[in-house]
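Asker: Modelling step: build the complete structure from the supplied sequences, incorporating the hints.
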Amino acid sequence: MAGKNPKSWDLGGKNFEELASEAAKFKGESLWQDAWRRLKANRTAWWSLLFLGVFMTIAMIAPLMPIPSPVFLDLQLEPQPPIWPWTNFGTGGFEPQYWELSALDNFMVDTRVAIFGDWQTGPWLGTDGKGRDILSRIIWGSRTSILVSLAAAFCSLAIGVSYGAVAGYLGGRIDNLMMRVVDILYSIPFIFLVIFLITIVNEYRAELEDNYGIDRETVFYVVIGAVYWLTMARVVRGQVLSLRNQEFIEAARVLGASTARIVFVHLVPNVLSIVIVYLTLTIPAVMLFEAFLSFLGLGIEPPKVSWGILAVDGSEMVNPVKLYWWLVLFPAGAMGTTLLALNLLGDGLRDALDPKMRGRD
Amino acid sequence: MSSAPLLDVRDLHKHFPVGEKGLFGAHKQLLKAVNGVSFSLERGQCLGLVGESGCGKSTVARAVVGLHPATSGSIRFDGNELVGLSTRGWLPYRRKIQMIFQDPYASLDPRQTVSSILTEPSKIHGLSKPRERKLHAMQLLEAVGLNPRHINRYPHEFSGGQRQRIGIARALALEPELLICDEPVSALDVSIQAQIINLMGELKERFNLSYLFIAHDLAVVRHICDSVAVMYLGRVVEQASRDEIFNDPRHPYTKSLLSAVPVPDPELERARERIVLEGDVPSPLDPPPGCSFAPRCPWRHEVPDDRCNREIPELVERDGRKRSCFLPLAH
Ligand SMILES: Nc1ncnc2c1ncn2[C@@H]1O[C@H](COP(=O)(O)OP(=O)(O)OP(=O)(O)O)[C@@H](O)[C@H]1O
Ligand SMILES: [Mg+2]
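Protein sequence lines correspond, in order, to chains A and B. Taking this note's numbering, the leading residue of the first sequence gets 1, the next gets one more, and so forth. Taking this note's numbering, the leading residue of the second sequence gets 1, the next gets one more, and so forth.
A portion of the hints provided could be inaccurate.
[As the list claims (entries may be wrong)] EDC-like mimics (lysine to aspartate or glutamate), calculated; alpha carbons at most 20 Å apart, straight line:
id, chain 1, residue 1, chain 2, residue 2
1, A, K304, A, D175
2, A, K25, B, E142
3, A, K27, B, D217
4, B, K134, A, D10
5, B, K134, A, E207
6, B, K255, B, D319
7, B, K96, B, E205
8, A, K27, B, E157
9, A, K40, A, E29
10, B, K129, A, D10
11, A, K25, B, D319
12, A, K40, A, E301
13, A, K14, B, E157
14, B, K204, A, D10
15, B, K134, A, E18
16, A, K14, B, D306
17, B, K129, A, E217
Note that these hints are calculated values from the structure, not bench results. No experiment lies behind these values; they were computed from the predicted model shown.
Answerer: Written as structure tokens, this is what we have:
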């Protein structure tokens, strides 16, 4: 066999180290960086992103903030209307009363007490029929929304994306089988499933909690996660079907790349932009769904707060004699703004991540 | 050097099931994209595979690199059978047989830098350490005439011709012996085509490569190939050296194919006799029972007994050139 000439490879007399350091100056711009730049140029989407960032931060550090406890009852007879900060910026009398919090949250509450003592903000957005602070309840309720969104997003990403990508890439019989499973899960009337499951869990909740440590909320999150990956799997599969016969995938196969490598190194990064857009548009649906279930009494249970529970409280106080507008307006406003921001961000991302192959013309 | 050809394809068939599935899951029809192809490629040579669109050239190429399994037949690389190999069995041959693709815009992963595109081959085969890989990637860029400083860029930051060079560099990364090139220049501007063809010629000498070069531009084939195999409707009808094919075609289809190519010399161009074929290429779903070219062949009546329409001519070697036709050689 004709042997290879080892001198065949050279750098044209140049030095590797020098070239490598010079190459660092020619850093290319990835499609991600390009998309990020375009997103920043899109005012609406950028402000939505900022808003959501602030919203997330506030939700996360809620126990640190000097707001009243969301469940602290004040024995007064009527809901108090909003008092603007300049008339009543803050009062004393904070009581660290919560439901069972996580260790991190407890730590934050302790820190808050150490910093602010018993000082707390006044009822800036008013109080509800049981004297609980609306602002605090909105902020604490947003944590539930975020948690539900994260559960759905995580399942969509972890299960939906890999499931769809594998089915689309393998194709044929396996694809058929995998997608039939999705179809079957789809065809189960979801709302009945939730009602059914939660009723069962209610029935045996003491046993479940004692023996398995499963509470109703866990079931709630699991069910939401179990449903929201289905559509993602379909979306990703469709994308992968159109990508898998592209020449760069064939090139990887000719190089000997394994199926796992092709799916996770080549296919998934190329469908990720659609995944992200899709995710920002799914999350509002999940948030609404959580609120809906909690409203029906199937989701989060008092004393915990969620936006659905705020809606229940608000609607209970609607009566023709006296209009407690702040009980409805502020929770609805918080929810509406968040959903709007998510939708605007999703639109902006779709424009920024325009998946058309660039450089072609 | 052994006397066996580097690549020896015999009676290769590739049939695609098409149409709706029947009642019991069987497909109704078979599309015979490749229907008994035979050719051979000597080491160090460039074999051109020509034929009109849809005759099955890409299907042959994809079978040779193992992108889809052959229905039947034999593909021998350096004496080793490739048909029927498992994915694992293919691995050692992946390093020896590589492919250059047609569309430089679709053949590079848009999310990867040139660096990761060029180091991926050695990563897959666990060949060298990261630093050596990067060095090798730069050497590859240098070898295909690109600036090694641009290694951290992304494919969309290069022109079509440059991208095709990256594709060639990727194919070279494993130091293969055989490159399958499926119309490597037909998606490029004419001015850039010449550069890429010249580069491929240089690389062939420098790295002892052999090419299976698919094209439908005969001028390109004439420039780079040592021998030529002519395909028609899923079969090779003639294989011979480049000069023999271009100066003295022996198969009626080759003759008609060449007669359609304009000659630069105006006098010769005027004297050139054109063979205009009647009818269209038959469908690969229902190929003719005899010679696939027979229904359009101007000379079919010169063979007695309507043999062309009844019997499939074998690809037989005579005087050092292969031809599948019942007409006498001196025709
Ligand atoms: N995966 C497939 N499934 C069904 N039919 C196919 C498939 N791939 C190719 N074919 C058919 O096989 C025949 C040969 O196709 P092929 O791509 O090999 O032609 P080609 O000679 O490369 O043509 P071109 O010059 O246009 O590239 C065509 O009729 C095509 O429609
Ligand atoms: Mg082709």
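Asker: Each hint: holds or not?
Answerer: A quick look at each hint next to the structure:
no.	hint	result
1	A/K304 <-> A/D175	violated (42 Å)
2	A/K25 <-> B/E142	holds (18 Å)
3	A/K27 <-> B/D217	violated (38 Å)
4	B/K134 <-> A/D10	holds (13 Å)
5	B/K134 <-> A/E207	violated (60 Å)
6	B/K255 <-> B/D319	holds (18 Å)
7	B/K96 <-> B/E205	holds (16 Å)
8	A/K27 <-> B/E157	holds (11 Å)
9	A/K40 <-> A/E29	holds (15 Å)
10	B/K129 <-> A/D10	holds (18 Å)
11	A/K25 <-> B/D319	violated (60 Å)
12	A/K40 <-> A/E301	violated (40 Å)
13	A/K14 <-> B/E157	violated (24 Å)
14	B/K204 <-> A/D10	holds (16 Å)
15	B/K134 <-> A/E18	holds (13 Å)
16	A/K14 <-> B/D306	violated (68 Å)
17	B/K129 <-> A/E217	violated (49 Å)
Figure legend: structure checked against the earlier numbered hints; hints not met, in rising order: 1, 3, 5, 11, 12, 13, 16, 17.
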